[in-house]
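Participant: So you can see what is in the structure, the chains are spelled out below.
2 protein chains.
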Amino acid sequence: MDLKQRIDQAIRNVPDFPKEGIMFKDITPVLENADLSADIIKEFAAKIEGKVDAIAGIESRGFLFGFPVAVQLGIPFILIRKKGKLPYKTVSHKYDLEYGSAEIEMHVDTITPGMKVLVHDDLLATGGTAVAASELITKQGGSVAGFSFLVELAFLEGAEKLKLYSDKITSLVSY
Amino acid sequence: MDLKQRIDQAIRNVPDFPKEGIMFKDITPVLENADLSADIIKEFAAKIEGKVDAIAGIESRGFLFGFPVAVQLGIPFILIRKKGKLPYKTVSHKYDLEYGSAEIEMHVDTITPGMKVLVHDDLLATGGTAVAASELITKQGGSVAGFSFLVELAFLEGAEKLKLYSDKITSLVSY
Chain U
-16 MDLKQRIDQA IRNVPDFPKE GIMFKDITPV LENADLSADI IKEFAAKIEG KVDAIAGIES
44 RGFLFGFPVA VQLGIPFILI RKKGKLPYKT VSHKYDLEYG SAEIEMHVDT ITPGMKVLVH
104 DDLLATGGTA VAASELITKQ GGSVAGFSFL VELAFLEGAE KLKLYSDKIT SLVSY
Chain X
-16 MDLKQRIDQA IRNVPDFPKE GIMFKDITPV LENADLSADI IKEFAAKIEG KVDAIAGIES
44 RGFLFGFPVA VQLGIPFILI RKKGKLPYKT VSHKYDLEYG SAEIEMHVDT ITPGMKVLVH
104 DDLLATGGTA VAASELITKQ GGSVAGFSFL VELAFLEGAE KLKLYSDKIT SLVSY
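Those protein sequences? They're chains U and X, same order as listed. Residues -16 to 158 in our numbering are what the first sequence spells out, letter by letter. Residues -16 to 158 in our numbering are what the second sequence spells out, letter by letter.
FYI, nobody ran anything at the bench for these hints, they're computed from the structure. Treat the hints loosely; a few may be bogus.
Remember, identical chains collapse to one label, so a pair may be satisfied in a single copy or spanning two.
Taking lysine to aspartate or glutamate and the EDC-like style, the derived pairs with C-alpha atoms no more than 20 Å apart in a straight line are [what the hints assert, rightly or not]:
hint: 1; residue 1: K72; residue 2: E140
hint: 2; residue 1: K65; residue 2: E15
hint: 3; residue 1: K99; residue 2: E88
hint: 4; residue 1: K151; residue 2: D(-1)
hint: 5; residue 1: K30; residue 2: D9
hint: 6; residue 1: K34; residue 2: E88
hint: 7; residue 1: K65; residue 2: E42
hint: 8; residue 1: K34; residue 2: E81
hint: 9; residue 1: K68; residue 2: E86
hint: 10; residue 1: K68; residue 2: E42
hint: 11; residue 1: K34; residue 2: D(-15)
hint: 12; residue 1: K25; residue 2: D(-1)
hint: 13; residue 1: K72; residue 2: E118
hint: 14; residue 1: K77; residue 2: E15
hint: 15; residue 1: K72; residue 2: E3
hint: 16; residue 1: K72; residue 2: E143
hint: 17; residue 1: K77; residue 2: E3
hint: 18; residue 1: K66; residue 2: E42
hint: 19; residue 1: K30; residue 2: D79
hint: 20; residue 1: K2; residue 2: D(-9)
hint: 21; residue 1: K72; residue 2: D150
hint: 22; residue 1: K(-13); residue 2: E26
hint: 23; residue 1: K68; residue 2: E118
hint: 24; residue 1: K66; residue 2: E88
hint: 25; residue 1: K68; residue 2: D(-1)
hint: 26; residue 1: K144; residue 2: E81
hint: 27; residue 1: K2; residue 2: D(-15)
hint: 28; residue 1: K2; residue 2: E118
Let's have the full structure, built from the sequences with the hints guiding it.
Facilitator: Following this line, the structure appears as structure tokens:
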């Protein structure tokens, strides 16, 4: 079985979460399988090695694979968190959701001009948060080296929102 | 410099966060140092190797070091999250805070009877969440193999609350 099939078999489909009509892709069984997780870390690392100066992981499931991949490549890992969670001075970016809005932040001293930063999250859904993360990076003079996701919900067309970076999106499985 | 000194030098002290009078230990500069992070993962792994069947990481900074340590040791990583975040059936535990209460959860099918589970978080403060995590584990028939923290705020005496497990607490730096 290839990696994609192994991930697909490990993911649990949970109906009606977080709300009715949504089939949630639960990655927790992947995390409970250390061999599979090790191979996922290797695969992400192989895909971006040499092309990226830092990885920015989106709270909180983006911390899971983002951090070990950064450690393996010997590059910094940067936290992107919801407003109010980071203790030091931050830059923030507000964006619209289906209902209401959200705001994400990054510490001010993490990105140096021209730094090539990969945005990592576990899931690409509508792409709103990923776009906001890219804005945070460019706002500080960094360049967006691409995006990586464990799972892409292709039917939600999040990749459309990231079309500026269309050749730089890695999703290990897509539905 | 030994590992403890390197961690201590990397941590940033942020005054008055999350509220006035508190000196916050900011670990984000540690995450931006891949060599240091790799050595921390090795150290945590060496301290628990052979003694632990699974690691449970507390949302969200407990995901950072907890997951790569589990992957390195070839054991499952289990998410402990705030109420409402896990998609599948959960067991939960409610506990008191200084003001109000909090509730944490774990998926029901993660712990098998007798499983030795280590609880990991970035910081041991008053110990309330760590105790609640241990309750979640024993409630399901697991045994608490110990606790690991990157940072312990010893003056808050969290270890007192964990005294049942006093010989099984690993903190890499202590203040």
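Participant: If you test the structure against every hint from before, which numbers come out violated?
Facilitator: Result: hints 1, 4, 5, 6, 8, 11, 12, 14, 16, 17, 19, 20, 21, 27 and 28 break, sorted rising.
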